[in-house]
Amino acid sequence: MSSTYDVSGVLPGDELDELPPGTTVLISGPSLVGKRQIAIEMLAAGNGDGDGMLLVTTKTSAASILRDFERIQPEFDRNRVGLIDSSGTDDRDGIREVATEYVGSPGDLTGISIGTAKLTKRFADRGVANVRHGLVSISTLLQYLDVETVFKFLHIYTNRVESSGGFAVFTLDDDSHDQQTVNTLTGEFDGVVQLRETEEGAVEYRVRGFGRSPSRWTPLE
Amino acid sequence: MTETDAPLVLIVEDEPDVAETYQIWLQGSYDVRTAETGDAALAAVDDDVDVVLLDRMMPGMSGADVLSAIRSRGIDTRVAMVSAVDPDFDVVEMGFDEYVTKPPTRDGLLETIETLLDRAEQSEALQEYYSLVARRSALETEKTEAKLEDSEEYARLNERIDAQREEADETLGDMESDLEFVSAVRELSELTEDAAGEEGADQLGDEE
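Residue numbers (numbering that gives the first Met the number 0), protein chains in the order written: chain A, 0 to 220; chain B, 0 to 207.
Quick caveat, the hints were computed from the structure, so don't treat them as lab data.
Nothing here was measured: the structure is a model prediction, and the numbers come from that model.
One or more hints might be untrue.
Each computed DSS-like pair below joins lysine-lysine, with the alpha-carbon atoms no more than 30 Å apart [claimed, not checked]:
id : chain 1 : residue 1 : chain 2 : residue 2
1  : A       : LYS120    : B       : LYS101
2  : A       : LYS117    : B       : LYS142
3  : A       : LYS117    : A       : LYS58
4  : A       : LYS58     : A       : LYS120
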């Protein structure tokens, strides 16, 4: 049985703390605003609790993500992480002792699903009940596949997270796609953390969905 | 044997007694084709076949070879591996949609066939769900929140979306299962590849 997923401390406010099993979150906002960082922090927050972490990368190498994890949590337990790298980069520094599956292209959804299934099985075999899933980013998938296919894939993936009592976080550049595409995809998640940049260059966030009324725009730092 | 409108199952099995047992179980609910070898299976399989029950260990061409030939030809069908050996993760990687441990029970075999027939409905159910959600997004893009709240069309659309989501999820099956999850995703990719590969398939047809 899985228990709740604690993500408190990732956002400065207390909008999100203990999330029930099966929760899926979208982090959306313009490019280069720190979406991936928030996603990684939400995943890494479970490492100390013994949660497994399963991250699909599409642009960034698994090795670079691993360095991010270790920067956030120096005590990081490498046995509880699984990475699916579809970025096509050959940066493999320090990745040897971490469970990693390589997929030829972000457009290879079957390959990505086989990689994640392999690594979830590894967690299950070792009795890890809580798994935090991540995928950064949906925008790269949209460069390879049409919105219909990506939508259906996300529907299947979030369905899997729900039925297995997991937790998942995804990222989307909302300035790279038209508004209708963003709306269509956003509806597949339990809630969204929206980011925006003010004219002064500060980053603000608000939380929508999760069965609550939307929060106000608040500075991220 | 004449074929009716019932779903069509291809039994690939080198032991005639075993094949006959399956056939008896399937009678009445499904149309059946049988093949005793891998080569015969490839001659008998086409887009009309809804489900293939494929014996893993056969003299000559193995079940895995038959499966990869079916996949590379882009045939729109779902394949269950029937094997006496307890399956490992390789079943998922090889591209099977389901597996049945041999000897199967009657109920076990019928249940597997039903799961795969649901999978066959998945594309259409998900497509309809996507179209409805896309229509809602278009409305949301055009209209203000206040206008949407008053809109009967919007309310009706939301109801239809909820109902269609349930229907689509039923066709997906048990997404906690690694095998079913990968099978559901493969179904999407095949759809994408089909669109790209249609011309090639036509040419193959002309040569025959």
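Practice item. Against the structure, test the hints numbered earlier, and report the numbers of the ones violated in rising order. Key: 2
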